[in-house]
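Number of protein chains: 6
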Amino acid sequence: MQDYNIFKNLKINFPSQFVLHVELNRPAKLNAFDKISWQELHACFKQISLDSDVRAVLISGAGKLFNAGIDLNNLNEINNDTKEKDLARRALHTRKELLVAQDSISSIEQCDKPVIAAIHNGCIGAGIDLITACDIRYCSEDAFFSVKEVDLGLAADVGTLQRLPKIVGNNSLVRELCLTGRNFSSTEALNIGLVNKVLSTKEETLTEALKTANIIASKSPIATLSTKHLLNFSRDHSVTEGLIYTAAWNSAMLNSNDLMEAFDATMGRRKPKFSKL
Amino acid sequence: MQDYNIFKNLKINFPSQFVLHVELNRPAKLNAFDKISWQELHACFKQISLDSDVRAVLISGAGKLFNAGIDLNNLNEINNDTKEKDLARRALHTRKELLVAQDSISSIEQCDKPVIAAIHNGCIGAGIDLITACDIRYCSEDAFFSVKEVDLGLAADVGTLQRLPKIVGNNSLVRELCLTGRNFSSTEALNIGLVNKVLSTKEETLTEALKTANIIASKSPIATLSTKHLLNFSRDHSVTEGLIYTAAWNSAMLNSNDLMEAFDATMGRRKPKFSKL
Amino acid sequence: MQDYNIFKNLKINFPSQFVLHVELNRPAKLNAFDKISWQELHACFKQISLDSDVRAVLISGAGKLFNAGIDLNNLNEINNDTKEKDLARRALHTRKELLVAQDSISSIEQCDKPVIAAIHNGCIGAGIDLITACDIRYCSEDAFFSVKEVDLGLAADVGTLQRLPKIVGNNSLVRELCLTGRNFSSTEALNIGLVNKVLSTKEETLTEALKTANIIASKSPIATLSTKHLLNFSRDHSVTEGLIYTAAWNSAMLNSNDLMEAFDATMGRRKPKFSKL
Amino acid sequence: MQDYNIFKNLKINFPSQFVLHVELNRPAKLNAFDKISWQELHACFKQISLDSDVRAVLISGAGKLFNAGIDLNNLNEINNDTKEKDLARRALHTRKELLVAQDSISSIEQCDKPVIAAIHNGCIGAGIDLITACDIRYCSEDAFFSVKEVDLGLAADVGTLQRLPKIVGNNSLVRELCLTGRNFSSTEALNIGLVNKVLSTKEETLTEALKTANIIASKSPIATLSTKHLLNFSRDHSVTEGLIYTAAWNSAMLNSNDLMEAFDATMGRRKPKFSKL
Amino acid sequence: MQDYNIFKNLKINFPSQFVLHVELNRPAKLNAFDKISWQELHACFKQISLDSDVRAVLISGAGKLFNAGIDLNNLNEINNDTKEKDLARRALHTRKELLVAQDSISSIEQCDKPVIAAIHNGCIGAGIDLITACDIRYCSEDAFFSVKEVDLGLAADVGTLQRLPKIVGNNSLVRELCLTGRNFSSTEALNIGLVNKVLSTKEETLTEALKTANIIASKSPIATLSTKHLLNFSRDHSVTEGLIYTAAWNSAMLNSNDLMEAFDATMGRRKPKFSKL
Amino acid sequence: MQDYNIFKNLKINFPSQFVLHVELNRPAKLNAFDKISWQELHACFKQISLDSDVRAVLISGAGKLFNAGIDLNNLNEINNDTKEKDLARRALHTRKELLVAQDSISSIEQCDKPVIAAIHNGCIGAGIDLITACDIRYCSEDAFFSVKEVDLGLAADVGTLQRLPKIVGNNSLVRELCLTGRNFSSTEALNIGLVNKVLSTKEETLTEALKTANIIASKSPIATLSTKHLLNFSRDHSVTEGLIYTAAWNSAMLNSNDLMEAFDATMGRRKPKFSKL
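Listed in order, the protein sequences are those of chains G, A, L, X, W and Z.
Under full-length UniProt numbering, the residue at position 182 of the first sequence is numbered 182, and the numbers go up by one with no gaps.
Under full-length UniProt numbering, the residue at position 22 of the second sequence is numbered 22, and the numbers go up by one with no gaps.
Under full-length UniProt numbering, the residue at position 59 of the third sequence is numbered 59, and the numbers go up by one with no gaps.
Under full-length UniProt numbering, the residue at position 270 of the fourth sequence is numbered 270, and the numbers go up by one with no gaps.
Under full-length UniProt numbering, the residue at position 191 of the fifth sequence is numbered 191, and the numbers go up by one with no gaps.
Under full-length UniProt numbering, the residue at position 262 of the sixth sequence is numbered 262, and the numbers go up by one with no gaps.
Bound conformation, chain G alone (with noise of 0.2 Å):
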């Protein structure tokens, strides 16, 4: 059995069997990512993939919000932190930093099991990039949002310009809120498709998103893992490669006892039963 107990400013339980709660523990701080966040978030979710014991995961801030965004004082290491004078160099010191940051975000995407992020108040920033980067996204009433960057003085780089617009259905809206960095509420965050539910409290989201988690992980995980795989695969490509390595990875994953195990299930009116990955 895994040990999650290694992580500062992550807190980690199993609220039901084979889900995962992913909590961003670091409140006095607005859980604001420092150079640890990026690391421990990146681990964490590499051993998530390799755990047989979670087929689902929920991710949620711990304190007054969900995610103040990147912390100055990393934003300073990643760009500053260095005397180095030489233009080139300073840039490619930058560039290590940053896809160090970027792994951090992908490690979710990357991950075999689907993630819903339950949001609550602020979601800022890097927040923005890590939700866009889990699968499905559940909203409390008070939650805001903000494309913080261009505040900042510079462009959002560790994923939400390359995701936000491929998950909504509102460019203009999209690319206003990058553009001016400017707080949108709950609403607008469910009538461009950003989150697909908004509950009235953080206590009913992180409920309702537990509900959904439960669901995914009473079925098959032969099902679900390759669910997520495709659904990340064929977003990155035309139809027909889409098509082209669904069938190659479908010719060994439709070969498994999950299906007739699930088709027993339904004839018998039970729960189906599967085996671990």
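Hints listed in this document are in silico derivations from the structure and should not be mistaken for laboratory results.
Treat the hints with care, as some may be off.
[Said to hold, decoys possible] Stretch-level coverage of chain W by chain Z, calculated; a stretch enters the list once three of its residues show a Cβ under 8 Å from a Cβ in chain Z:
(1) 64-70
(2) 148-162
(3) 167-177
Ideal placement from N, C-alpha and C gives every residue a C-beta, glycine not left out.
Since the structure of chain G is already known, use the hints to place chains A, L, X, W and Z on it.
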């Protein structure tokens, strides 16, 4: 003139000039896809592509519901219908069958004529694969949808995971639907843009779809064929690539008499009359 | 300082610091695109790209409506303005003209400064091509839209079929609109996300667009230029490709004094002041 | 067992177990491609793909030379065989015919079994299209080659311009050959890597090609099918994409008994015996 | 008729009908690229593209050697010619200059007419960028080459790293050359396929190049333009994408009178006469 | 300073300043890849990437031959080392192991420092995967090569099928080699461009490789890192994409003091001295 009376699972007629109505017609089995259905759908849409008497296509389901998905016997044939013990050989067999089913669904998308789906009651599993390969989707109030594959222990593999996220504007909901397999209503389908009209009954849905089909059939067939072809191409390429291909394509297509006929008809306030392809 | 008084079909001024207003100004012809319009639009936006006094652009139409599409004389020039009898040579001529028109529209997208369209009354055919190349779209209540090309006997070929489906979240409606050419209202445009704000009058639309332009112009020009550039790049690439390019891009851009200025200004509760590009 | 006696322009036999010899057999016309040739080539290689008795294919030409290119009557059918006066409709007709010819040539590449071309004397125009779709090319000393299309007033359009530059290592020469249409000898073909062996006579070329075909036919059919399939896929994708696809493909294919059989046979110094696909 | 006497660093004439000779003509500076050279090369090849009197282009260098690479003053302008202290703004300036130089070189590749380079003596740095954008390369025995950029402290950035590995068949040597910057001889250039002919003197190189240019100029301009255009397109796309684009392109281009003229001329054993583009 | 004494199967030293020599050091097993080898190779090249004391890398094999390919025990672990009976789960296990091996080989390609392979005697199976991920390849006369995987009953899956065809100029021979698994000599390797130098002995091969490594190590590390990085990027992208990325990359890298140092050193006829990365 093409003969469409050769299909067992499809019932076909011309409700008006240049408009063909393809009815999924295996009502006793809720129009579920068996081996013959995949073959016929493919053959039918290849034939339509070559038929200069067709300028728009309507597709609907006979009987209680639109489509109940894959016939479980067929699923068995795909992954099980072989005594083969060697895993690699089984996988090759499965892959071959998958490609047949994928090609069947894709023949709708590749058909030169625009296709409008008129959906009523259930549209489940492979039914979703089918309608996402159509150009336009209308449904009746009683329609419900389900990306059911996850409940069968597998990931959807004949088009839904490729096409659905590219036609609707709420990826968070798409992933929830694909990962949980839950039913969603005509209202939800409208909200995320899977359908763009909800009518009160099956009959009204067909009537409305036919109205739109008639409008499309009244346009230059060069214009509608090109529009569908270029929309498909552009979905799967960058904007720049799409423009380059369009310039090559339209270098010939703009030199058509249809432009003059369209102009003359507008000036003369008469209906244009375009020659066949 | 750049001179913008050189255009015949465009009227240009600075409504506020760093904000340029480009008005389509051929009202007697409903701002329809003739040969000169294509050339001037291209020249104008190339000039804007290089103009360090511009940080945001407003585009609107003079007179009765925003834009009536292509001038039919120009359409004639594109496909007919040659005695050429050889089909291949005619096609090459047509292609050359098409590339000119495409480049004209694309110059808006490639312009380094964010562009906001303020639309009133009719926006037809090439007008849609134009606004889909802008970053943000607002319109007045009386606005109506039409992907008119199908009624001219051709498929849209200067951008609509490439960009429209990538900026709105209802592909079924997009295809209906492109295949039928029917008018759609400001409300429909809002619902599918083509515009993200509907104002009551043309004046209010302009006022609101200017407000947003002012906000954008108050940000670091490095940040807004990068944001637009990266959003464009990322739309046409996979998430991974987008991230790799972003890391290379921001390796230089993060090493800007604008970050410090933005930070200091926030701390000092004053407006930041960014030097020109 | 498949029947190959159904073709008019192809003569087919099994020179040894698991090796099929396809002979272009229209010697009176120098094996030039007419409508029937395109159709039969396509049908033949589709059939071979499904034939578990074939593990390697040999292709050669009967009579004086390997292949004289397209039959001029057929070229006429492609671009002229219609009374159509409308340019757009003529172009659509031409395109449809081109796609047929392209699919015919591509069926060799898409065939699951490796194909070896044994070329003698002339290989002209469409003959080059054909051999570049093969996996391995040997020729006799008297062989000469010509990318002849430019002399017919057109650009090669059934594969040469796509495949030739990707299989040889001298692009300057490729372009000279494609732009001048001049003959080039077996020696030049060897030097640029179009063929990898030159034998003294047609008979020796066939003997050598058969020897290689026999070796390939003696290997695991899973291994050779996968190798060809992955080489084709990887040519058209980045290294990273190729690796990702290979991992999905081989996740099933490595779990084959052929690995054990290959190992046991090597240990026991006997010829391995692989079951059919 | 186009006027080519407007360039300072280029000397241009027509050595024979339809063949244009562009001579790099800054011999006192060994034809090194300064700001004017980039601009003129770009302008010249844009003009050639539109000039129906040109069907093939020859490019050579006046004076002692073909091309000595970038003028160091120009390199200074690109990365240094600004008082700008802000790193991001300096980077944007540098990038703008780089794009100008890249577009200049790329204009040779994008020129509709085939371009043959006749190289003598030194071809260094940017000279390699230039010749790799040409279609065909011949050189004299005394020619030597050097991917010199690494010795200037930078990576080649106007085309060599993109094009060189795609036109020669020895990547190990390409990387050695790019990473060490060492000189390589005409023999090595021939062996890896960078040039496809080595002649004894500069004069013979020019004579041979002209001979090939004359042959190309004697062909249908539709055929040669299409061949170059499709070779360029296909290099950068998969085989399938290349075929699809070719079918769209040739749907118009095959409907040319040039096919009949080519056929008639062959039959009548006379030289064909093709009308201008 | 990095510590390289931590590896069991790799022996590492610095033969000269800035040049690291990695020796495959499992001679009793002919340097065959076992689980530990994959892990160490990966770890080692990740470490080298970060080590500012390394500017070029040499890789060779200890003992009788360069590399005998995969250890058969390891192949067993990949596809068999599980009691798993479910085909889908076995496939997922196999895929996970494959990704580990692929990442190991790819770490050479992704390493920021150029890597030169010095090959002697046998280079078999996974040995080919390894050397095709290097930048430059030299070998001794006694070297022989074999794409052996087909003889093990499988298709090569850790890089050969992706990289080999992109680095040599004779695809017909590549396919023959991959499909037959036959040995090929140093001469054949030279002729197709797999290696670009054949030396008489292992010692001379190492000496020559070290000479080249020393030259590379004497250049600006910004220049060599950028050159390798851009060559890798450009191989997998269109020329246009490669140029766009290069402009972004070099916008920072050209603003390096290394340009001035390189210039000054050349002028002063002294060796340049570049600061570390």
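Outcome of the hint check:
| no. | hint | in the structure |
| --- | --- | --- |
| 1 | 64-70 | violated (count 0) |
| 2 | 148-162 | holds (count 13) |
| 3 | 167-177 | holds (count 9) |
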